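These protein sequence lines are chains A and B, in that order.
At position 139 of the first sequence the residue is numbered 139 (UniProt numbering), and the sequence of numbers has no breaks.
At position 361 of the second sequence the residue is numbered 361 (UniProt numbering), and the sequence of numbers has no breaks.
Note that these hints are calculated values from the structure, not bench results.
This one's a predicted model, so the numbers in the text were calculated from it and none came from an experiment.
Please note: incorrect hints may appear among the correct ones.
Looking from chain A toward chain B, a few residues come up when the C-beta cut is under 8 Å (computed) [what the hints assert, rightly or not]: (1) P81; (2) D697; (3) L738.
Every residue, glycine too, gets a C-beta built ideally from N, C-alpha and C.
2 protein chains.
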Amino acid sequence: MDSSTTTFPPSELLELWFIGQHETSRATPNGPSQTLRDAQDVGYDMLTTPITTASFQARVATQVEEHLQKLSSATSPDAVPVPLISPFSPKDTELTPNDSNSALVAVSSPWIDLGSTDPLIANVSLQVFNLEIAYAAFCGIQHVMLHGPLPGSNTVLYARAVSEALGMGPYIQLHILLPMVGELEQESGDGTHLAELAREQDVSLPEEDDLSEDDFSSWDTWDTLRTVCDYDSRLSIALEIPRQLPNKQVQSRWYSEPVRSMIFPHTSFLRNAKGFPVLHKSHQQYLTQFMRLRQTPWILLADVDPIVPRTESPAPEPTPAEAANLVQKDPVPHLRYLRHLQQTQPPRAPIERFGQGYQDYMQSPLQPLSDNLESITYEVFEKDPIKYDWYERAVALALKDLSAKVGGKREIIVAVVGAGRGPLVSKALLASRSSGVKVKCWAVEKNQNAYVHLQRRNVTDRLWDNKVTIVKTDMRAWKGPVVDGNVEKVDILVSELLGSFADNELSPECLDGVQHVLNPEHGVNIPQSYSAHMTPISTPRLYHDLLSRGGTEKWEIPYVVMFQQFDFLSLQHDKDENPLADVQDAWVFSHPAPTVILDQAEARRGGSAENGGAGGAVGGDGSNEHNSRSCKVKFTIQNHGVCHGLAGYFESVLYASESGEKVELSTNPVTMEAKSCDMISWFPIFFPLKTPIHLPDNAELEVSMWRQTDDRKVWYEWVVEAFVRLNGRKQRVAMSELHSSRKNGCLM
Amino acid sequence: MDSSTTTFPPSELLELWFIGQHETSRATPNGPSQTLRDAQDVGYDMLTTPITTASFQARVATQVEEHLQKLSSATSPDAVPVPLISPFSPKDTELTPNDSNSALVAVSSPWIDLGSTDPLIANVSLQVFNLEIAYAAFCGIQHVMLHGPLPGSNTVLYARAVSEALGMGPYIQLHILLPMVGELEQESGDGTHLAELAREQDVSLPEEDDLSEDDFSSWDTWDTLRTVCDYDSRLSIALEIPRQLPNKQVQSRWYSEPVRSMIFPHTSFLRNAKGFPVLHKSHQQYLTQFMRLRQTPWILLADVDPIVPRTESPAPEPTPAEAANLVQKDPVPHLRYLRHLQQTQPPRAPIERFGQGYQDYMQSPLQPLSDNLESITYEVFEKDPIKYDWYERAVALALKDLSAKVGGKREIIVAVVGAGRGPLVSKALLASRSSGVKVKCWAVEKNQNAYVHLQRRNVTDRLWDNKVTIVKTDMRAWKGPVVDGNVEKVDILVSELLGSFADNELSPECLDGVQHVLNPEHGVNIPQSYSAHMTPISTPRLYHDLLSRGGTEKWEIPYVVMFQQFDFLSLQHDKDENPLADVQDAWVFSHPAPTVILDQAEARRGGSAENGGAGGAVGGDGSNEHNSRSCKVKFTIQNHGVCHGLAGYFESVLYASESGEKVELSTNPVTMEAKSCDMISWFPIFFPLKTPIHLPDNAELEVSMWRQTDDRKVWYEWVVEAFVRLNGRKQRVAMSELHSSRKNGCLM
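Generate coordinates for the entire structure from the input sequences, incorporating the hints supplied.
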């Protein structure tokens, strides 16, 4: 049971879509505030606006051209001072400080080239950029959109300028305008682009030396930017959605990144049969995916549905013919279409509804053995539409098998250990009813509060009918069911002790501790076995979240988290050639454990010389060493990317009947649909990496992982190594620290 | 001037060599303490000794074999408990707690296999290892030598065991026995090696998947170990020196690592003409290199000159013939040879003598403009055997050129700015004497304490003869030399303001500030120009040193350091095909600066609108922007390795005469021998990387570096990116943070 989810999920919120309008060359003759009001009148929530005017652009271009002329006639180029861009005059900008500026996204001049390999152009661009950012901040504007670096320019130089700008004010947020692949589709601005004035430079890096272009090139640029800016939360992406969406891998990569706004240029729209603008099905799906994020991006319509200034004097009353024409000529058909999409979003899956508010929220797993759960937590888990039904099916199958073994001579003894508020007791009784096999039922619970509830339910619940024996004890201390004064053995021991990574809430230790009550000949555990699984992921969001926390222990903890904004790095393909995560097995636990193993463990407790004084782990005497595990697994990374950690899952066989029927649970994305679709009880687990690992195409990732144990607790350790094959030789490109949750281990 | 070297270097220490004896299968019938006494009697300083006995080894092997038999007859392998190794009995070990144990290196059993892919063997090996380490620690032994992982075994698994062992006690130090290349040459032990008992395993990684073997494979193993152990200072190397030394690159790689002991097996010795054991010239040189480290490794002779137990009763008086034979039969010829080497070590170079005690010691550069130097610091710098002579040569050349220009009509005005205790004044006067060109000399100094000294020297120094005008002022505030009541201009402005990275102690800013006193037609600066240079290095020692310090700012500071235990990662070859660092140019400064540049800078001070209010850097008005610099340089890494940062150097042209003669200074290892051999005044600079970067063979490293400035200070920023070419495509494998020394910048 995922005991970390201790509060009730909030009810589903109405989806709010913030939609704005972006104009590549906006004119705001009446000032941006008036244009914003005009836009809001027709239904927009926000607007982009340039920071400076065309006349400012012309002034700068002239200064650069004059400088170049001076240079050409100078004896030494070093003796010509750089042109200085003087501060704005009123005709350089139409922005003013204004309350309504919170609904404006200011756009930095698209005609500068911060990463220019010509130092002159880079210098002048930086002057313009700094003037603009400082002025926007002065005007109380929080959001500034900035064109990404030009192809072939120096991205690190560009990134440094951005990093510096983020330091200019604590509130300013920068949205870097980037295409998903290739180049931007929206119109480029008018006037002289400074890059056109760049001189041929003696660049130390020849041009063919650039990173090879591929579908991830634009993402590479972003990766450089955010790395130089140390994952600053005020740096995000304005992602332009192209006419043709790139492949799923590129889509999911961008989805995992902090996209603050999605830009839809006119090229991204199709026309339907009636001539209205619509989005392609794939675009709609991609948009829906984004609009379900905890922080939804803004939607910006670019160069469509322009804002028409209201004329000062009211228009004359239209003639009936004119009025009819006006109705037909919707001034904002693209906006109207998006509002329509907003209202017709498909319903969410159960796990999404359940997890609402928990997306990408990292929780430290609780201490299941030392903490008592609250009733509301139980209630949440009991709502799972799948899990308890599967338990009922498993118990029914086991009852049939056992009934055949004991020849139907006696009632089957079923014990639910860790009964909580009793849902598994009910399911066992229902299984008895449906299978026709009679049972005697015990419920064992250590939580004294739940114990009250169980006793009351035994009296009030018709199904229970006062026939369940309730025992208040830690299951490990239970002597077993007493029938007619004799201690009997349990035939079926039912428990729900699994954590997000199968064994991480000490199910193995608890079930070992109660195994003495189980019938040694034919006793059955439900679940019979469970296994841990994992896969490497890219999750800038969680990495940034951890980075912003204090201390260093944060990197050494596995977190329970409902992943949302992340990307699988190692892929396989399903039978329909759709990409699917490559999730690999870590290890497995089966119950009951062989008696000799538990006997040896018991003998080691206390560390007598005969039974070995030095266990596998330091300081312990090894009584739990049989529950330690380790694995080394290997993943292939198809597309280059950055690994921030490992996502962990579990699978469990509740019961495999002698007739071959299997009842299973799974959170493993590869098998969950087939094994336990729509189950909501568990979120996955996240093993973070302190230092993100850059992986080139076809890199090989090797994960070493341990479940460690001493006599007091259980913890995990993990190391990740990355390799490439260069001319057939395997070579290391990265190696993580040894991460260990020892200090935050699970107490036994 | 490298103002960070503020204390006088200690006098050269006598070299102490600690030499011990190592026996692959040592028997200590009278106990290790007695054997140690026997060894010390013949001249050894120390001894290795096994922790456990052959009988213990036999017991463990038997237990494993019995377990394997049980397994072969068991129905399920899971139902056979692992064999438990019970604690030592007296016959398992000859070690006891003893004061003399400090001169013992305990050797962990070489027959275990901690990295075995057979879980049984790995488990039993870990039990043995933990018992041994714990017992050695109990006995007060500080140093334990441990055989490195077996070829083909799981190095990460091995590393985890080592990491755990380091946590067993705060004093225990582990020396990992590793060959320089290939496999160990010393004899392997007797008895059953547990690896021989390993079963074929379903290993998830097929064997051909191992890192490809090359000359760096043994180093790769070490790199994995120390990375998993997070550069623990208690983890070091016992390096076996082979008969044939590997190439220089492999030699220098090991030299950069924490080698705690050098093991010389009998194969590493040759026989000279008289039949005595000697080391090859190359071995001698490599040994000498190591013995000059600040912390010298121990020398262990392996399986030669065995320790002969003294017989209890004194031997009978030898006959004369026997005595002669005894003299001939030296029992420890190898030891004697090494003692001979110790006494005949070659003398050290001046920079080594000067830097004794400073090797790999990181100093933060001082604030040259706000701190006053102490006399002893000046004294140290004045001892440089090259620098001041080169200044004299430069001034003499300039005097000749200028004398020709002014037609010998008047005395040449020489000003030494930042005169300190006056060494450059003396050199200027000597240059005048040698060139026959008459001078009038000014000495400008801001340090009031040095000012007293200068005045006194003017009276007492015969050369000065009261003819030097001493001015107490910051050079930037000096109005210029006053001759007959008129302010004249300076013909030659001499300064020594260079730092380890050329401009890092604000030479550009100071010389700009004093340029107004220089004759605008023909005034000469000495130095005329200076440039910064850099190259990537591997330096585990400095990385570990920084890692062990608190805070995070430590990664953002360039340190002045005399590199010793480090390795150049990017190599070129000199004309004799010897490897040589590839050191690349960052940027250059020349003086005097063009007047228009300084005029613009002056105009920007105060930020009036006409001259541009927004400088290149945030918050400043740009009056020093002309002294900002940036570069992007590229290095090729030939052999895979780990980059911990950049080593920085400088070159300077003191004066290039009109006849083509050039006087230059250099700390750049590529040019220093030709330009200013034996100069001692500067140590290099180190730009650290927060996260070490793993580089595969033929990786490309791109360094972006900036000299940043606002109106108050100067600082550096650096970013490092690593790429590989995969199938002809350039791909990123690593990118560092943006490092910035802004918070620790040099105040103007």
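Here is how each hint holds up against the structure:
The beta carbon of A/P81 comes within 4 Å of a beta carbon in chain B, closer than 8 Å, and the hint placing it at the interface holds. Using the Cβ-Cβ criterion of 8 Å, the hint placing A/D697 at the interface with chain B is satisfied: the shortest such distance is roughly 6 Å. Nearest Cβ of chain B to the Cβ of A/L738: about 5 Å, under the 8 Å cut. The hint holds.
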